[in-house]
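Novice: Spelled out from the first residue to the last, the chains are:
2 protein chains.
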Amino acid sequence: MKLSGVGELALLETLRKKFTKKTVGLVLGIGDDAAVIMPGGKQTLLATDMMVEGVHFDLDWTTPYQAGFKLVSVNVSDIYAMGGRPRFLLLNFAAGENTDIKVFNRLFDGVDLALKTYDITLIGGDISSSREMVLSATVIGHSGRILRRSGARRGDNIYVTGRLGDAAAGLELMKIIKRPVEIEKNRTTDFPLKWDIIKSLIERHLMPVARRPVKFANKASSMIDISDGLLLDLSRICAESGTGASIFLEKIPVSEGLVKAAEYLGTPPHEFALGGGEDYELLFTAPAREKVDAFCIGEITDRGLKIIDKTGKAEKFKLKGYRHFAG
Amino acid sequence: MKLSGVGELALLETLRKKFTKKTVGLVLGIGDDAAVIMPGGKQTLLATDMMVEGVHFDLDWTTPYQAGFKLVSVNVSDIYAMGGRPRFLLLNFAAGENTDIKVFNRLFDGVDLALKTYDITLIGGDISSSREMVLSATVIGHSGRILRRSGARRGDNIYVTGRLGDAAAGLELMKIIKRPVEIEKNRTTDFPLKWDIIKSLIERHLMPVARRPVKFANKASSMIDISDGLLLDLSRICAESGTGASIFLEKIPVSEGLVKAAEYLGTPPHEFALGGGEDYELLFTAPAREKVDAFCIGEITDRGLKIIDKTGKAEKFKLKGYRHFAG
Numbered sequence: 000m001k002l003s004g005v006g007e008l009a010l011l012e013t014l015r016k017k018f019t020k021k022t023v024g025l026v027l028g029i030g031d032d033a034a035v036i037m038p039g040g041k042q043t044l045l046a047t048d049m050m051v052e053g054v055h056f057d058l059d060w061t062t063p064y065q066a067g068f069k070l071v072s073v074n075v076s077d078i079y080a081m082g083g084r085p086r087f088l089l090l091n092f093a094a095g096e097n098t099d100i101k102v103f104n105r106l107f108d109g110v111d112l113a114l115k116t117y118d119i120t121l122i123g124g125d126i127s128s129s130r131e132m133v134l135s136a137t138v139i140g141h142s143g144r145i146l147r148r149s150g151a152r153r154g155d156n157i158y159v160t161g162r163l164g165d166a167a168a169g170l171e172l173m174k175i176i177k178r179p180v181e182i183e184k185n186r187t188t189d190f191p192l193k194w195d196i197i198k199s200l201i202e203r204h205l206m207p208v209a210r211r212p213v214k215f216a217n218k219a220s221s222m223i224d225i226s227d228g229l230l231l232d233l234s235r236i237c238a239e240s241g242t243g244a245s246i247f248l249e250k251i252p253v254s255e256g257l258v259k260a261a262e263y264l265g266t267p268p269h270e271f272a273l274g275g276g277e278d279y280e281l282l283f284t285a286p287a288r289e290k291v292d293a294f295c296i297g298e299i300t301d302r303g304l305k306i307i308d309k310t311g312k313a314e315k316f317k318l319k320g321y322r323h324f325a326g
Numbered sequence: 000m001k002l003s004g005v006g007e008l009a010l011l012e013t014l015r016k017k018f019t020k021k022t023v024g025l026v027l028g029i030g031d032d033a034a035v036i037m038p039g040g041k042q043t044l045l046a047t048d049m050m051v052e053g054v055h056f057d058l059d060w061t062t063p064y065q066a067g068f069k070l071v072s073v074n075v076s077d078i079y080a081m082g083g084r085p086r087f088l089l090l091n092f093a094a095g096e097n098t099d100i101k102v103f104n105r106l107f108d109g110v111d112l113a114l115k116t117y118d119i120t121l122i123g124g125d126i127s128s129s130r131e132m133v134l135s136a137t138v139i140g141h142s143g144r145i146l147r148r149s150g151a152r153r154g155d156n157i158y159v160t161g162r163l164g165d166a167a168a169g170l171e172l173m174k175i176i177k178r179p180v181e182i183e184k185n186r187t188t189d190f191p192l193k194w195d196i197i198k199s200l201i202e203r204h205l206m207p208v209a210r211r212p213v214k215f216a217n218k219a220s221s222m223i224d225i226s227d228g229l230l231l232d233l234s235r236i237c238a239e240s241g242t243g244a245s246i247f248l249e250k251i252p253v254s255e256g257l258v259k260a261a262e263y264l265g266t267p268p269h270e271f272a273l274g275g276g277e278d279y280e281l282l283f284t285a286p287a288r289e290k291v292d293a294f295c296i297g298e299i300t301d302r303g304l305k306i307i308d309k310t311g312k313a314e315k316f317k318l319k320g321y322r323h324f325a326g
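Line by line, the protein sequences are chains P and W. Using numbering that gives the first Met the number 0, you'd call the opening residue of the first sequence number 0 and step up by one each time. Using numbering that gives the first Met the number 0, you'd call the opening residue of the second sequence number 0 and step up by one each time.
For reference, chain P alone in the conformation it holds in the complex:
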């Protein structure tokens, strides 16, 4: 059955039934003109993002379930990157009249998995028609201490929370595979790389899980999530903090899977790790005296953005990373 055969009101009612639940701090959820929350004296964080079919995701490769999960993850990642705890979600959905109701349902199943993963509640949104599918989400969170991009200081160490480049390599693999891979059902695909490598990489691209900064939030001086690539996002921290940075190429953590896939793809692994977006690992700085359980990849300097290779040779950043409307 098509969305045009179901109607907006019935779709909204489905969501209302599926997602309504009692939640601390929630006064009024789905179903009125606006949602109402009661933050109780805490600071409220707000992050919003839009995902457009054909730009941010491709339904020829991505299942609706994956798109729904990812939409929530990228916004949750922004809240985590500020040291916050995500609490609530607003979601706008637009798609063509001829979209199958199964697509709608699977997308919201993916949203539901994300809600459970991050322990958040869907409290409102909007459904409308469009040509290409468009999703936009706003995540609302709370925080005591806010971690801004601008807090890095000379001498701080630079950390990342996990291996980089997997999502970018996963995207390159998807461009070759060119059809949906239902990693959530653990389906295999014929490809000259082992399934567990393929799965680990494309999963990072298709269904990224945001990193909760639980162990670092009270030690970090600045933080950002890596959505547009290590170099580009680090340059943002430096620009906001008025500092430079040096990173050590061989200290950047990469997965074994990335090394193998990079060889297959004919691109050096560090190209993915430095410039590849959508890893959704956290990039943060902390004073050198703090003991931090994460990958230390460099240090904050007075000025200049440098990559130092294993021979000690320093090279200036080339700012690679995903930018819309890049000239």
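In case anyone wonders, no lab produced these hints; they're calculated from the structure. Check the hints yourself; a few may be wrong.
DSSO-like mimics (lysine-lysine), calculated; alpha carbons at most 27 Å apart, straight line [as the list claims (entries may be wrong)]:
1. W:Lys218 x W:Lys290
2. P:Lys41 x W:Lys41
3. P:Lys198 x P:Lys250
4. P:Lys184 x P:Lys1
5. W:Lys218 x P:Lys16
6. W:Lys41 x P:Lys20
7. W:Lys317 x P:Lys1
8. P:Lys317 x W:Lys214
9. P:Lys21 x W:Lys41
10. W:Lys250 x W:Lys290
11. W:Lys16 x W:Lys101
12. P:Lys41 x W:Lys21
13. W:Lys259 x W:Lys174
14. P:Lys290 x P:Lys250
15. W:Lys20 x P:Lys41
16. W:Lys16 x P:Lys317
17. P:Lys214 x P:Lys41
Listed next, with one range per pair, are the computed distances between beta-carbon atoms [to be verified]:
18. W:Pro267 x P:Val26: 22 to 30 Å
19. P:Asp57 x W:Phe294: 45 to 53 Å
20. W:Ile307 x P:Thr22: 40 to 48 Å
21. P:Lys20 x W:Lys177: 45 to 53 Å
22. P:Asp292 x W:Gly40: 33 to 41 Å
23. P:Gly303 x W:Val213: 50 to 58 Å
24. P:Met37 x W:Trp194: 42 to 50 Å
Selected chain W positions facing chain P (Cβ under 8 Å, derived; list incomplete) [claimed, not checked]:
25. Met49
26. Ile78
27. Arg147
The beta carbon of each residue, even a glycine, is placed where N, CA and C say it ideally should be.
With chain P fixed as given, assemble chain W onto it according to the hints.
Specialist: Okay, now just chain W, sitting in the frame of chain P:
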């Protein structure tokens, strides 16, 4: 110059400079992973909406300035309809690579006018590329007393804050005019109706101003804004409140301009007033003992949705009004 020649980062920087201002309750605005507000013990209201080119607006008829203004208005209207005061705005913008920078700038000029009109602050958002233009906004507001849809009680009077049907008639006129009318510059157009009539109607469609319920908020028992048509929105109040309603056809306020345009369009004025969406007037109920300075159009009953004409004949609602994916 095209957006692809400017780049996402430069566009964001433009917005940051244009819209950054100190605001009470705002901890951190545009430029980090998330915005941070400090609600100070009040209830926080959240409303979100998406506008898709070709569905919600047509750039062949609507100027970017008008689209930007309207995007904010429709969300502010949702906050007002809950008895709230709008405070902050998050805005996502997506458009084609070849979009002219002037379109971007004029759209945000329209957003800026709306921010000043409603005294709110833009605190974050996202810019990306797409084929058709897509805008989504989230408005955050505060409120003491929340006005829900569910508070109507038998015997309450039903009120609207202004004349209905103008926006729907304006839309029909725009379908004939079929080119942008820069009402903001007071441009005339050749058409067999007086310019002041055309202007008043198409302005309601192109640049609606949300109604602040300042005089009614403490008297109303339920409230909704008329975005999808009087009958459809009233049926929502009744469904949520578990009541019926009777409205008196001749009490529904219509403008002189609507009467003249309706005659020209060959449709009875009350068709626009009952079923036409996007008036963004408020529809509310209040106990009959309250003195209310608004148009009383009927009363809440036990059950049934009835329109009573001047002869006293009652007819059931036909639920007209805009619905996406309407079968």
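Novice: Look at each hint and say if it fits the structure.
Specialist: Cross-check of the supplied hints:
no.: 1; hint: W:Lys218 x W:Lys290; in the structure: 8 Å, holds
no.: 2; hint: P:Lys41 x W:Lys41; in the structure: 11 Å, holds
no.: 3; hint: P:Lys198 x P:Lys250; in the structure: 25 Å, holds
no.: 4; hint: P:Lys184 x P:Lys1; in the structure: 24 Å, holds
no.: 5; hint: W:Lys218 x P:Lys16; in the structure: 31 Å, violated
no.: 6; hint: W:Lys41 x P:Lys20; in the structure: 22 Å, holds
no.: 7; hint: W:Lys317 x P:Lys1; in the structure: 24 Å, holds
no.: 8; hint: P:Lys317 x W:Lys214; in the structure: 59 Å, violated
no.: 9; hint: P:Lys21 x W:Lys41; in the structure: 20 Å, holds
no.: 10; hint: W:Lys250 x W:Lys290; in the structure: 17 Å, holds
no.: 11; hint: W:Lys16 x W:Lys101; in the structure: 17 Å, holds
no.: 12; hint: P:Lys41 x W:Lys21; in the structure: 20 Å, holds
no.: 13; hint: W:Lys259 x W:Lys174; in the structure: 17 Å, holds
no.: 14; hint: P:Lys290 x P:Lys250; in the structure: 17 Å, holds
no.: 15; hint: W:Lys20 x P:Lys41; in the structure: 22 Å, holds
no.: 16; hint: W:Lys16 x P:Lys317; in the structure: 26 Å, holds
no.: 17; hint: P:Lys214 x P:Lys41; in the structure: 21 Å, holds
no.: 18; hint: W:Pro267 x P:Val26: 22 to 30 Å; in the structure: 42 Å, violated
no.: 19; hint: P:Asp57 x W:Phe294: 45 to 53 Å; in the structure: 51 Å, holds
no.: 20; hint: W:Ile307 x P:Thr22: 40 to 48 Å; in the structure: 43 Å, holds
no.: 21; hint: P:Lys20 x W:Lys177: 45 to 53 Å; in the structure: 47 Å, holds
no.: 22; hint: P:Asp292 x W:Gly40: 33 to 41 Å; in the structure: 37 Å, holds
no.: 23; hint: P:Gly303 x W:Val213: 50 to 58 Å; in the structure: 56 Å, holds
no.: 24; hint: P:Met37 x W:Trp194: 42 to 50 Å; in the structure: 49 Å, holds
no.: 25; hint: Met49; in the structure: 4 Å, holds
no.: 26; hint: Ile78; in the structure: 6 Å, holds
no.: 27; hint: Arg147; in the structure: 6 Å, holds
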